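Top line first, the protein sequences correspond to chains A and B. My numbering applies: residue 1 is where the first sequence begins, and numbers increase by one. My numbering applies: residue 1001 is where the second sequence begins, and numbers increase by one.
Just so you know, these hints were derived from the structure itself, not from any lab. Some hints here could point you the wrong way.
Stated by the list, open to error - Covered by chain B, per the in silico footprint, the following chain A stretches (three or more residues, Cβ under 8 Å):
no.	region
1	22–30
2	39–49
Unchecked claim - Ranges between beta-carbon positions, derived for each pair:
no.	chain 1	residue 1	chain 2	residue 2	range
3	B	G1788	A	I11	47 to 53 Å
4	A	P25	B	D1521	32 to 38 Å
5	B	G1526	A	P25	40 to 46 Å
6	A	V2	B	V1829	32 to 38 Å
7	A	P25	B	F1610	28 to 34 Å
8	A	V2	B	E1446	43 to 49 Å
9	A	P25	B	D1736	39 to 45 Å
As the list claims (entries may be wrong) - Derived DMTMM-like pairs: lysine to aspartate or glutamate, alpha-carbon spacing no greater than 25 Å straight-line:
no.	chain 1	residue 1	chain 2	residue 2
10	B	K1489	A	E71
11	A	K30	B	D1348
12	B	K1128	B	E1118
13	A	K69	B	E1118
14	B	K1128	A	E71
Owing to the predicted nature of the structure, the values given are computational and were not obtained by experimental measurement. From the three backbone atoms N, C-alpha and C, an ideal C-beta is built for every residue, glycine too.
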Amino acid sequence: MVAHSLALPMICFTTLWGLVGIVAPIFVPKGPNRGVIITSLILTAVCCYLFWLIAILAQTNPLFGPQLKNETIWYLRYFWE
Amino acid sequence: MKIQHLRFTCLLSDDIATFAGPPLSQTCEVSAVGTAHSLCLPQAGGTGGVTSELNPTVNSFQRKFVTEIKRCEEMERILGYLLREIKKSDIPLPEGEVNPVAPLPKHVMEQLQRLESELSEVTRNKEKLQKNLLELTEYTHMLQITRNFVQHSTEVGFEQTHYEEFPFLEKDSMMDYTSMQRLGAKLGFISGLIQQVKIEAFERMLWRVCKGYTILSYAEINECLQNPDTGEVTRSVVFLISYWGDQIGQKVKKICDCYHCHLYPYPSSNEERTDVVNGLRSRIQDLHTVLHRTEDYLRQVLNKASESVYTWVIQVKKMKAIYHILNLCSFDVTNKCLIAEVWCPVNDLSVLRKALEDCSRKSGATVPSFVNRIPSSDIPPTLIRTNKFTSGFQNIVDAYGVGSYREVNPAPYTIITFPFLFAVMFGDLGHGLIMSLFALWMVIYENDRKLKRSRNEFWNTFYDGRYIILMMGLFSIYTGLIYNDCFSKSLNIFGSSWSVRAMFAQDKKEMVNTNAFLTLDPNVTGVFNGPYPFGIDPIWNMASNRLTFLNSYKMKMSVILGIIHMTFGVVLGGINHIHFRKKFNLFLMLIPELLFLLFLFGYLVFMVVFKWLAFSAANSQAAPSILIHFINMFLMQGDTIPHLYSGQKTLQVFLLVIALLAVPVLLLGKPVYLYWLHKGQNRFGVYRVSVYHLILRRTSEEEMSLMRAHDMEEGSNHDSLTSSAESQSDEFDFADIFLHQSIHTIEYCLGCVSNTASYLRLWALSLAHAQLSEVLWAMVMRVGLRVGSRVGILFLVPVFGLFAVLTVSILLVMEGLSAFLHALRLHWVEFQNKFYSGAGTKFSPFAFSLIHTGFENDGLPL
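All chains should be modelled from the sequences, with the hints used to inform the complete structure.
Structure below.
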């Protein structure tokens, strides 16, 4: 099927959450809520990035593959590829 | 230092939902002179700045303003009566927010009393008129129906066996009453109305008592009459009793009394009857007009009242609150001043002063009211400023315990971590979308009055948490995308990485035909083409060994998230130590705790990630079990199983030794250090005093002694002897501190293990949710989709309805509440017991905005 690399998503999402967590806090306007908004941005970036990272790392080197029914195999063979 | 202290905290408390609560000044004394107090307090209440200390010595009934409060309650009673009347006549109340100023009570009271007397008089009159009307109507009915009796009975006189006593009736059917009288028969008539349910018993009673000397005829009235006393509609029956003899007559009258009959005089002749009927008719008409006029007038009065009743309710509430607070003040020596002890945030002192000056000016008092700061050794209450978004999260933190004075507030972090952990357990794109839309609707319409103040408790709970639900929904969308689960189906956005074609080339058709299940082997080239870039690969949704893979993934994820969350908690505790200027705690508590946690469980995380990266399908036979390695690390048996990496054994031994050494440091470090400090102080006097005084049990005393220490450093005139004497008198209880520290150590170390395992609930609940979702799909929706198209189109509608109802009730409400609860538990227990003490009291200011302006709470109808 489709070949995926590890590097490209890694770069993409690291920059994305890096922007959210490190760059965006600089641009938060001054006001009484500034501290909360910065905390929230950083925490969101950390949590979401970590969650995505765990998901992709868990799949980089699978130790076993999916076990499919033969009907599913026929379907995948002709419709997905 | 004091100034610096203040400035530093000014920075923090500029934030809404502060990092830590702002400093509250030691108690201030607010003195208000004479009549100015009734104006000053509203001013202070308007700014929402102060909270009062109770005057414990004075009995609440002896307080000065008790009569005023009684008056306010009387007014509330009248207002309640007014509102009920308004509601009864279906007059609409004006909606909208009103915020009237609290006035002096006298003229409101007079107005209300006047209104009440007027209303009650008019209502009384109306009731009287209605009663009259009822009587007249009943009389009319009775006359009409009994006319039919008489005519009827004279026609069918023959068949009645009752008429033995009056044998002449049989002979002469055209007899009427005059001839009866000529015969001298003392025939009497009693006529009236009785309730329909009682008529049979009445008849029986009559028969038994009068032994046949009476004749009862009755007929139903078609119209239902309304009883004005009870307001209920009853069916009545008109009856006519003809009796013979006086004694029988009295007995009959007594029986009628028993049965609560309405008796009316029976006309003896037809002309009399018609006269009475005509008279009645005109009287009824008159009554109707009078009644209409009365009702109109009543409505007018109520309409006028309804315009201002809202305002009055709020005004009375405000007045009552003010008098309650005034009761908490005490009088000073001259009896002309009111003195109140309040807590006030340091930053708001200037606002308070200004408010007092303003109202002193307004009330024209000769002596202005003023504020004095007084030192106090009590722990101030904790104030955290929140806005409508953060208040929900602050509430769930406060539900566990209000933070101690000036400690780190976990709420700003809870804003993100709580919805995130919820979403890890809830993780479904479709369900998250529905939840977000629901919350979004509530947020957009949050100013709608009906939504805000409904009577339904459940709805109020959901409404108050609308921002929490919105955040939970949004994060659930994200985790749903990562888990690749949308109503239990996966999305194939990027194309799956697993290739079937590469596994089963043309010659393997036979194998595919004969075997029901076949497994893709990532060792074969071309089968696995790199990790799916965003989330879980969609092919796993169709695999039968899906749970094997997902369980392993989710368990490891739970442990990783848990350890990171707990480390964050420990670090926040470190920030607490820095803030309270207990630097020794950093070395004696934070470092050992971090070492223990990270060197053991952080290493576990490292091993998990290492196994993910280092072992692939090629050497999957040699892939070790992390759990076995972890256990072996503790048992120091490195040689029984193959290594993960070179140097593993030495590294593990090193980590284990350091971590185990951290435990006695944690256990003994702080008590020993403090003991040493205490001893050193006694010997070397005051100049040896470092910033850290003796450990006293209450933090505020420490703050006090800190400030004293600062004063000494600033070179104020304190006798060194007296201060050392003071510090000696502060007890240093080594046993107590040692006990506390040992409890903390045991709790921490054992807690690390158990709490890490506790985070596995993230895996458990997400598994449960996914399985429920799948079962619902397979049992409900798929059944509908499998039916052929002709019937299926119609059949699918109820099937989808059932699917939707079950999704919302089971998966959204039940699973949502369950995940909410577990995420909350993870925060309250596993996260917060690393740093949060939560032993404070909440700062509850006297503020008009906090007084409930709805009607429900006071028993007034809404």
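K30 of chain A and D1348 of chain B: Cα distance at most 25 Å?
-> Roughly 21 Å between the alpha carbons, so the hint for K30 of chain A and D1348 of chain B holds.
Does the region 22–30 of chain A contain three or more residues whose Cβ lies closer than 8 Å to a Cβ of chain B?
-> violated (count 0)
At the C-beta level, are V2 of chain A and E1446 of chain B separated by a distance inside 43 to 49 Å?
-> Since V2 of chain A and E1446 of chain B have Cβ atoms about 45 Å apart, the given range 43 to 49 Å holds.
Given the hint of 28 to 34 Å, check if P25 of chain A and F1610 of chain B actually sit that far apart at their C-beta atoms.
-> 32 Å, holds
With a C-beta cutoff of 8 Å, work out whether three or more residues of the region 39–49 of chain A approach chain B closely enough for the coverage to hold.
-> holds (count 6)
Satisfaction of hint between E71 of chain A and K1489 of chain B, Cα-Cα up to 25 Å | 18 Å, holds
G1526 of chain B paired with P25 of chain A, Cβ distance criterion 40 to 46 Å = Once the Cβ atoms are compared, 45 Å apart, the range 40 to 46 Å for P25 of chain A and G1526 of chain B holds.
Can the restraint linking K1128 of chain B and E71 of chain A be considered satisfied, given a maximum Cα separation of 25 Å?
-> Distance ~87 Å between K1128 of chain B and E71 of chain A Cα, so the pair is violated.
Regarding G1788 of chain B and I11 of chain A, is the given constraint of 47 to 53 Å on their beta-carbon distance met?
-> 50 Å, holds
For the pair supplied as a hint, K1128 of chain B and E1118 of chain B, is the alpha-carbon distance within the 25 Å limit?
-> 16 Å, holds
Using the beta carbons of V2 of chain A and V1829 of chain B, state whether their distance is inside 32 to 38 Å or not.
-> Distance hint for V2 of chain A, V1829 of chain B is violated at roughly 44 Å.
Holds or violated: K69 of chain A to E1118 of chain B, with C-alpha atoms at most 25 Å apart = Not satisfied, since the Cα-Cα distance of roughly 85 Å exceeds 25 Å.
Violated hints, in rising order: 1, 4, 6, 13 and 14; the structure is consistent with all others.
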